[in-house]
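A.B. asks: So you can see what is in the structure, the chains are spelled out below.
2 protein chains.
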Amino acid sequence: MIIKNYSKVIPTIFDDEPAKGLKGRILIGNADGAKNFCMRIFEINKNGYTPRHSHDWEHEVFIHSGSGYLYENGEWVPVKSGQAVFIPGNEEHQFKNSSDEPFIMICLVPSNAPEL
Amino acid sequence: MIIKNYSKVIPTIFDDEPAKGLKGRILIGNADGAKNFCMRIFEINKNGYTPRHSHDWEHEVFIHSGSGYLYENGEWVPVKSGQAVFIPGNEEHQFKNSSDEPFIMICLVPSNAPEL
Chain A
55 MIIKNYSKVI
65 PTIFDDEPAK
75 GLKGRILIGN
85 ADGAKNFCMR
95 IFEINKNGYT
105 PRHSHDWEHE
115 VFIHSGSGYL
125 YENGEWVPVK
135 SGQAVFIPGN
145 EEHQFKNSSD
155 EPFIMICLVP
165 SNAPEL
Chain B
55 MIIKNYSKVI
65 PTIFDDEPAK
75 GLKGRILIGN
85 ADGAKNFCMR
95 IFEINKNGYT
105 PRHSHDWEHE
115 VFIHSGSGYL
125 YENGEWVPVK
135 SGQAVFIPGN
145 EEHQFKNSSD
155 EPFIMICLVP
165 SNAPEL
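Top to bottom, those sequences are chains A and B.
For any residue, its number in my numbering is found by taking its place in the first sequence, counting from 1, and adding 54.
For any residue, its number in my numbering is found by taking its place in the second sequence, counting from 1, and adding 54.
In short, the hints are calculated from the structure, not lab data.
Wrong hints could be hidden among the right ones.
One copy or two, either will do: identical chains are not told apart, so a pair holds if it fits within one copy or between any two.
List time: in silico EDC-like cross-link candidates among lysine to aspartate or glutamate, alpha-carbon distance up to 16 Å [unchecked claim]:
| hint | residue 1 | residue 2 |
| --- | --- | --- |
| 1 | K150 | D69 |
| 2 | K89 | E169 |
| 3 | K100 | D154 |
| 4 | K58 | E126 |
| 5 | K89 | D110 |
Please take these sequences and the hints and turn them into a complete structure.
C.D. replies: The structure is reproduced here in structure tokens:
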């Protein structure tokens with residue numbers, strides 16, 4: 055088994071367009087022997103956002119803390135801690151933080167997708 | 055896309071051996087169109103525990119809140135909110151709560167495993 059404190063994993067910083075104020079970490083991936091799907095964690099700082107994009111693969115998201123908005127079909131939908139989000143492949147999406155606190159979410163992808 | 059508040063999903067209660075004080079919910083699964091892996095959430099109440107078992111498939115776990123112990127190789131290892139746990143297939147495991155607060159974890163399995 056492998057146990058990791060997420061905050062001790064060195065993050066990759068995304069702070070230029072198309073993302074701002076974003077830290078990404080691979081928590082469980084190929085390097086850990088996970089062959090079917092990959093768990094990442096993203097922290098979005100105040101005023102930060104993920105890229106607006108779509109891709110072939112799906113996301114399974116759980117919002118660990120904070121609150122923000124999810125771009126879906128041309129609208130910003132409020133989301134918050136304790137919610138799960140399923141984004142099927144080829145659906146355009148973007149998350150942004152709407153508060154002073156970090157917005158932290160777990161986001162899983164299948165193993166044929168880029169890990170980060 | 056599908057957005058769900060986890061607490062609004064009707065839980066399955068496990069309160070007889072081999073599990074006690076345990077609620078399980080499927081957050082993102084086959085019924086949602088998720089074909090590669092399944093996200094569940096488990097709440098372990100005070101003094102509760104999951105079954106001690108092993109199986110072919112892996113678990114990818116993220117501890118959302120609380121603190122407890124994970125049985126691993128004959129020992130109880132402390133675990134807490136903010137930690138990720140990878141349990142490869144065929145490794146015996148069990149979680150138990152060690153506090154007065156619920157121990158809440160996200161646990162993902164590949165799509166060839168039972169969803170709950």
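A.B. asks: Look at each hint and say if it fits the structure.
C.D. replies: Verification of the supplied hints:
For the identical chains of this complex, K150 and D69 are intra-copy neighbours only, at 13 Å inside a copy versus 39 Å across copies, given an alpha-carbon limit of 16 Å. Taking identical chains as interchangeable, the C-alpha atoms of K89 and E169 lie at most 16 Å apart only when both belong to the same chain, with a minimum of 12 Å there against 18 Å between chains. Taking the shortest alpha-carbon separations for K100 and D154, only the intra-copy value of 5 Å comes in at or below 16 Å, while the best inter-copy value is 33 Å. With identical chains, the CA atoms of K58 and E126 are at most 16 Å apart between copies only, with a shortest distance of 15 Å across copies and 32 Å within one.
Within a single copy, K89 and D110 get their C-alpha atoms only as close as 18 Å, which misses the 16 Å cut-off; across copies the closest is 13 Å, which meets it.
In the structure shown, no violation is registered for any of the earlier numbered hints.
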